[in-house]
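Throw the hints in and build the complete structure from the sequences for me.
Protein chains in written order, with the working numbering: chain A, 1 to 280; chain B, 1001 to 1297.
The hints are simulated quantities; they were obtained by calculation from the structure and are not laboratory data.
Even glycine gets a Cβ: it sits at the ideal position worked out from N, Cα and C.
Among the hints, a few may not be true.
To be verified - Lysine-lysine pairs mimicking DSSO-like chemistry, simulated, CA-CA at most 27 Å apart: (1) 273(A) to 1183(B); (2) 273(A) to 1030(B); (3) 172(A) to 273(A).
Unchecked claim - Listed next, the stretches of chain A that the computed footprint assigns to chain B, with coverage defined by at least 3 CB atoms under 8 Å from CB atoms of chain B: (4) 146-158; (5) 256-263.
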Amino acid sequence: MTTDLARISDAEIAIWRDAVPRAFGRPLGARLGIVTGWSAFAGVIVFCLWYMDFTPQRLWQGIWKLGWLAQLMFPPWHGGWLREFSYAMLQTLAMAFLGTLLASLAAVPLGFLGAQNVVPQWLFHFGLRRIFDCIRGVDALLWALMFVNVVGLGPFAGVMAIMVSDTGTLAKLFAEAIENVDRRPLDGVRASGANRLQVMRFGILPQVLPVLLSHILYFFESNTRSATILGVVGAGGIGLQLADRIRVNNWDEVGFLLLMILLTVSLIDQLSKTIRRRFI
Amino acid sequence: MVPHIANPPTDVCGTIATFEQTWRVINRAKWARTAIIGGVFLLAVAGSMWLSEVSISQFIEGLPGFVAYIQGTLPIIRVDHIGPDIAEWYWGIGRWLSLLLDTLLMAFMGTLLGASGALTLCFPAARNLTTHDWTPAVCRRLLELFRTVPELVFALIFVYAFGLGPLPGVLAIAVHSMGALGKLFSEVTENITAGPGEGVRAAGGNWMHLVRYAVIPQVLPDFASYTLLRFEINVRASSVVGFVGAGGIGQELYSVIRQFIYVDISALVLLLIITVALIDITCEHLRRRLLGEQAFT
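Structural data, given as structure tokens:
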């Protein structure tokens, strides 16, 4: 099917332009809008580059220095501190484990209290959720910094930091899981004469337990990652060793510690994948 | 009503006996397993408590100390004097807002650079776009390395290499985001339908054409949504990299906490919480619009 283009008159084109304007390209206003939007975007980027001192010279010097550091890191060597490093790594894992455990223990009752179908009081539920949001809004590292001020340097501050910051997040997730349970088992338990505590135990808990466990496992996994850096602010573990080694320029030991962190994190990932597949 | 069986055949009794026997064996095995898992768990708890130098008495002492600390950071605000009290609490608001802007710009640039890097690496890392095995494997290992090393560690090293200021913070956030986003992007890419790609190939397109005309139109809404999500995460991260000297509100917060200037701590933390919440709400709204549009067209 061919159309003789020469036969189409200007009048016909005008008719079609009126009927389907978008087929003839975007209108001028929209085109201008797009150009303005992209120019603004580019302007913001240029401003940022200028504002943050992204000069090619500085970048080049930094990259050169980075390459030099990478050279210094090879071969990674523990420098005779293998025992201390292993101990610090174990300490990091212990911090993550204990912090997650305490946070889950605290978050279960808080999650029940924050769920709308357990405590139907609107104001209470709303206020508690906002408190969780505030706790969640502060990073674990910030909590660690404050706990170092309160309980002193050492892994205990790290445990407390992980516990507090995760309590907020886990309580929120638990409350959401509890709000999503199926109502019918609850009605069944209630119909057989159970009181409110028994409804929670036999109606809600069996439904949410797998969800809670998978959340807890996931948090343990992510806490091993965050526990590695808590030491940078003085909360013990491998991060303390790492920050120290960077400060005193022992780059081969820094390389060794980085390798240790990578290895441990991937090991924990594998472990938690296995546990998840078996139990949940 | 219990049905009464007058003369139970002997094999029924035998069946019941075997059933009970089996049940007992299974039950015992289950108990043993529970006991072993519980024992290992308790051992792990005890070991961790020893390793992380936690004792129950210390724990009980630590909590009230912390509550007192939090109380100490709260400002004095009197109802009849509320305006001047808040003004005194936020005495440095002008400087703090400019520091907050630094932090937001750091998050913005870090996300942008990280997303650009992820965009370049995610297509070679997707297994459905290449014919040989080693490119995805190499790209995946690289992305894994980038996202496993925490951004604070990158920031520590970059501050050493590039000097103090927001530049090392941006680069640290960019590298970490690149690893995290690259993984997500390549997973999205692996889930596209093959049809458009085959069409481009059949029309004689090369690899670049394939990516541009068959892959990107399919994946763009998801990429944008993940990038916005990452921006939310990076706003938090950029406030933290300031702790090691990468500028922004984090550096101010660090020095305030270290110098025990109590009232400023609560002012800065509150400012940070409000900013993060506002950004979260905005991004959530944008993401819903993005994915909603995709669902409707």
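Hint-by-hint comparison with the structure:
no., hint, result
1, 273(A) to 1183(B), "17 Å, holds"
2, 273(A) to 1030(B), "23 Å, holds"
3, 172(A) to 273(A), "24 Å, holds"
4, 146-158, "holds (count 9)"
5, 256-263, "holds (count 3)"
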